[in-house]
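There are 4 protein chains.
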Amino acid sequence: MSNSLGKLFQITSFGESHGDCVGVVIDGVPAGLAINVDEIQIEVDKRKSGAKAHTTPRREDDRIEIFSGIFNNFTTGAPICLVIWNKNIDSSEYERTRSKIRPGHADFTGFMKYGGFNDYRGGGRFSGRITAGHVMAGAIARKLISTIGIEVIGYTAELGGITAKLPKHKDIRQNISQSDVNCPDLAASKQMVALIQQAAEEGDSLGGVVECIGLNLPVGLGEPVFDTLEGELAKAIFAIPAVKGVEFGAGFGASRLRGSKNNDPFNIQSDQIRTTSNNCGGILGGISDGMPLHVRVAVKPTPSISLSQPTVNLDTMTNTSLEIRGRHDTCIVPRAVSVVEAMTCIVLADLALRAGIIPRVIKQ
Amino acid sequence: MSNSLGKLFQITSFGESHGDCVGVVIDGVPAGLAINVDEIQIEVDKRKSGAKAHTTPRREDDRIEIFSGIFNNFTTGAPICLVIWNKNIDSSEYERTRSKIRPGHADFTGFMKYGGFNDYRGGGRFSGRITAGHVMAGAIARKLISTIGIEVIGYTAELGGITAKLPKHKDIRQNISQSDVNCPDLAASKQMVALIQQAAEEGDSLGGVVECIGLNLPVGLGEPVFDTLEGELAKAIFAIPAVKGVEFGAGFGASRLRGSKNNDPFNIQSDQIRTTSNNCGGILGGISDGMPLHVRVAVKPTPSISLSQPTVNLDTMTNTSLEIRGRHDTCIVPRAVSVVEAMTCIVLADLALRAGIIPRVIKQ
Amino acid sequence: MSNSLGKLFQITSFGESHGDCVGVVIDGVPAGLAINVDEIQIEVDKRKSGAKAHTTPRREDDRIEIFSGIFNNFTTGAPICLVIWNKNIDSSEYERTRSKIRPGHADFTGFMKYGGFNDYRGGGRFSGRITAGHVMAGAIARKLISTIGIEVIGYTAELGGITAKLPKHKDIRQNISQSDVNCPDLAASKQMVALIQQAAEEGDSLGGVVECIGLNLPVGLGEPVFDTLEGELAKAIFAIPAVKGVEFGAGFGASRLRGSKNNDPFNIQSDQIRTTSNNCGGILGGISDGMPLHVRVAVKPTPSISLSQPTVNLDTMTNTSLEIRGRHDTCIVPRAVSVVEAMTCIVLADLALRAGIIPRVIKQ
Amino acid sequence: MSNSLGKLFQITSFGESHGDCVGVVIDGVPAGLAINVDEIQIEVDKRKSGAKAHTTPRREDDRIEIFSGIFNNFTTGAPICLVIWNKNIDSSEYERTRSKIRPGHADFTGFMKYGGFNDYRGGGRFSGRITAGHVMAGAIARKLISTIGIEVIGYTAELGGITAKLPKHKDIRQNISQSDVNCPDLAASKQMVALIQQAAEEGDSLGGVVECIGLNLPVGLGEPVFDTLEGELAKAIFAIPAVKGVEFGAGFGASRLRGSKNNDPFNIQSDQIRTTSNNCGGILGGISDGMPLHVRVAVKPTPSISLSQPTVNLDTMTNTSLEIRGRHDTCIVPRAVSVVEAMTCIVLADLALRAGIIPRVIKQ
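Those protein sequences? They're chains H, D, S and C, same order as listed.
Under my numbering, the letters of the first sequence match residues 1 to 364, in that order.
Under my numbering, the letters of the second sequence match residues 1 to 364, in that order.
Under my numbering, the letters of the third sequence match residues 1 to 364, in that order.
Under my numbering, the letters of the fourth sequence match residues 1 to 364, in that order.
Derived by calculation from the structure, the hints in this document are not laboratory data.
Where hints are given, some of them may not hold.
Identical copies look the same in the list; a pair holds intra-copy or inter-copy alike.
Below, simulated DSSO-like cross-link-like pairs (lysine-lysine); rule was C-alpha separation at most 30 Å, straight line [stated by the list, open to error]:
(1) K190 / K261
(2) K7 / K100
(3) K100 / K261
(4) K165 / K261
(5) K168 / K261
(6) K100 / K363
(7) K7 / K261
(8) K7 / K363
(9) K46 / K170
Bound conformation, chain H alone (with noise of 0.2 Å):
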């Protein structure tokens, strides 16, 4: 296991689905930055289930506690450590289907890797709810970037084939909150909504795609050549469950176009350099360009799915069939958006604190 991300903004994070908490110590943030507890509590209660509608319908009553390095409400130079307590955990279901190993899911590199002594209770340590901590980290990396001026602003782009239209940045910020699944787009939106439905209905899943952009980036955050803004954001995304692909800018389809159309053109605007198209989102030569930052993130289908799967059962080595109680998220992706969000701000944090753009002690 590696649970430390990050060189100079260091995560480490902690705790298992079941057990008695999730929590995160986030190292290496400097001194000053004004911290309530409440800011931390909108991010989580964003990512919360129950939040809205289609997603998991249990009650997460999630109240971040601090307990090291803030002070008077300000950060302190120390470790930050945040922690959720777990509460009304019910294991019964996976105790039931213990040897079982869901499709999917990653009980059976889980059980190989560590010998059968992983936590198997609802995921353990590769449950999403461990990127609850991921949250965490990100509201404190969310605050420190913005003392820079970096905001930064996701949305659900697609959703089980229905894609969104591209939204201006005011849109992101004014419709989402419309929106049961996150989406600016308020027409596809109402229909990814219907296509949960229906999809909850046939006890099957969705996937989709989540886009993140970041504004207001300074030049020069990246640390190329193996440390560069896109590979950085790739490895943090990549720590999210269920995440298969990660472009930038027109990223895939960037592949197909010629060169005469993809090379953004510089020129000349208020004084600075700029470009006069976005295609390689934000990022030359690994290092932030002062444009927009854009990163698309595929999300693949919830595996937990109350149709029947062929599956093995790993005490007998036969092979037998699976059937998922309980009630999970039908589609992940809305509820993703929030955890893409916070690892690249956790990024961004790291990034500039190494660029030297963001100093060690923050003066109000």
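Given the coordinates of chain H, assemble chains D, S and C onto it according to the supplied hints.
Here is chains D, S and C on its own, set in the frame of chain H:
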């Protein structure tokens, strides 16, 4: 800058396009691995321009030199330094157009990040030539993971929009040497070659998609939650200039499937647990599951084109236009194949060491 | 701040002296290690003030809590979070003298480095209490290295200038529980206790030397050229507040010997290569040589004394004097023994994993 | 093996004593630092044997070569690779005695750890010659920290038991060039030279103590709780072969002082907070306090002596004896001075970058 990659199998890259050399130090290679200089040379030759038609016609006589870490044809446990000298460098064109930042290149971001001190000749540290170092390191990694049976093969899956038929593993090995563009679908290969010819005549360039496959991986490679197999591979592959997207298995396509179609059912094959499909690309929960690893890589069209492009003159801060002279690859996708293979080998070597699957001393 | 230590066995420390808690996350512990909460509690109790005479009389009721990473009494491969709550904290004295920087403490450097945002209560992050976290992590490390037979024992070798006779290993284990100062030379122990009594009455404090011994180390721990066994141990041990010197084997004494006396001759003992003396402290070329590891640690006298000291008032920037009230250890050397042991166990665990000597799954 | 050191100013060492070369890659050097090859050469020459009497008489013609990272005499932000070629190597003596492990050397531990594959010629990777790479990196670090006014000076404080009088800083700079053993106390220097002569005639060797001083350090270098200034320096210095002890300020002597004597009182000097004594060696809480840094390093006597020593024959696994022929330094302490200085510069450069005190681009 950050020029080291990997935790136990760690490579450190150095050199510039028009400097003295391109080199790499590889630390953490177990002692006792038999290494012949020719094995490394073969990989470098694969990447070399001029090896096949339609890539850069200039001839690079890239003889690798071993500076350290290998004694009596075996690794010693000490760091291995490998170097290729740069020869017959002509930087006059770069001097001529120095103040005009090339669209699609790192000229602008490099200038800004390094305060104008960066070596701009031939793209300096951002040049594709730097990947010759990655390929040397990849050759060592390839030899190391072959001791546990892993094989890594890549090919051109798509070029300028032309898609190769999905090949069988043996076809990749057999056909690729007959293709000028590293495409085992020889019919598609012919079309790709013709398209390159045409784009070259038009002064334009093409992109494409590289697919890379890992065979015979043990179950257990990948260190979640942050150092997942996907995340580590993606980060390494984004260190290749021009890569704008990475996906695993069904990738972005998976986001449009239902769970019942995307989940790979388990069954028992020859007393081993395998899946009957491989939409997950051989990775579950960030850990290899024993099925073939599948990664697909989007490569943007070469940014160096001879068509005129709008850009900015850094010295005068005025809008201008640029025509890039000299000979450049119309499409780097065929050459990128060996680099994607190299990065894959490097990551697998690191993760196999981290999983304790490769010992610290190799005993033949 | 940098609060993580280790490469494969990695600990991340958090918490403050007068905050909610002191805690540690331990990542990289192999799955399958049997862990009982009492085993960790025993180590924490050893460090605890009040356990023996002449250290801080205040009673710390330090019950450890396991938050993650242990399931059914075995490690799971997931990160282990351990916490001790801070109770009955009275920060009034620190509030009273806040502006007067305490000589010998980190008040001044902490204030300067963190822009005055650091938690000054009880020394905050610089307090010796933070080492309770190190000791919890050390307990896990101790259990892990015991699986390959390694034993780590420490003792007070010198206190206030009184030197203990060099003990036999079995005497350390037997006598130490009879000494109030963790000194196996019981005659010297009595003198040390008397000296502490005297210094306490005078409002002054004492320092000393801790010796720590590692038994049954395999040959091969240490990763030169930079991560030597000496270097890794020294770095870890200097994380203990008040440590000002570290030496191995004959140490500074070796610098006054001739080579013919200092070199440890090899010979064959029970079919194994051993040295007939151990001036090198069990380390050659930065790597364990199979002989007992010997490290000696200089601990400065407790900086908190009740005698009046000249200092500066930060608010007024004027010279002033300070008398520190409250109860403080007259000598922390006896308590430092368990912390030095803990750091030694942590480093040996990390290096044993790095050398591939401890597997990724422990099979009992 | 682990051959990289540092987090932001990161050096990677390679090469062997009797291989092609000794080299180093330095990553993370800010762009815009003026570097002249002669500045590096001067430092390497200081370390060079033959530069002064009584060290190895063989003449090393160590001309450094810059392979990358410097363009038009300024650093570019790219990794800097520096190399010294090994010339006139005669390995015959090592071939002759190969099976006899040399007491006090790493022959035994190296053989065991690397399964016999290690390059044994001249000690291979464990040779003191490797420190030539450290010194090259140290020259770059020295130049970098000079941009914020830091000066690092070292000297022979003790040799074979002869102790130099504590020098004033200006005496170190002035007198050291007049001493054949880098000792500014010229009377002691004469005695040391005579003692070396005598030990050489007896076929024996001597050790000693190097003191290194850092002047004009800003307050704030050091990243507790684990990456303390003491810990980072100690780790780096223990990478020098033959070092067996490291202490700061009063060091082991502090352990025998009372708190009232050891605490350094604060007062205001020229509007700045300073201490009136410096028992802490310029470090409080693991962070520089603005006073001179004092570190003392115990160097064991050279293990290579011409007197006969009992040892073991690895091939036959029998007891035997060994006489080491050839010319070896009777005492390496004078040469170690420049290496201790180099390691100190390297650590200070890294910590100054980590503290945000040195910017990412140097503007002259």
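Against the structure, the hints come out as follows:
1. K190 / K261: between (34 Å within a copy, 24 Å between copies)
2. K7 / K100: neither (39 Å within a copy, 34 Å between copies)
3. K100 / K261: This pair counts as between: shortest inter-copy Cα distance 19 Å, intra-copy 51 Å.
4. K165 / K261: both (22 Å within a copy, 27 Å between copies)
5. K168 / K261: within (22 Å within a copy, 34 Å between copies)
6. K100 / K363: between (55 Å within a copy, 23 Å between copies)
7. K7 / K261: This pair counts as neither: shortest intra-copy Cα distance 36 Å, inter-copy 39 Å.
8. K7 / K363: both (23 Å within a copy, 25 Å between copies)
9. K46 / K170: within (19 Å within a copy, 49 Å between copies)
Of the hints listed earlier, those the structure fails to meet are numbers 2, 7, in rising order.
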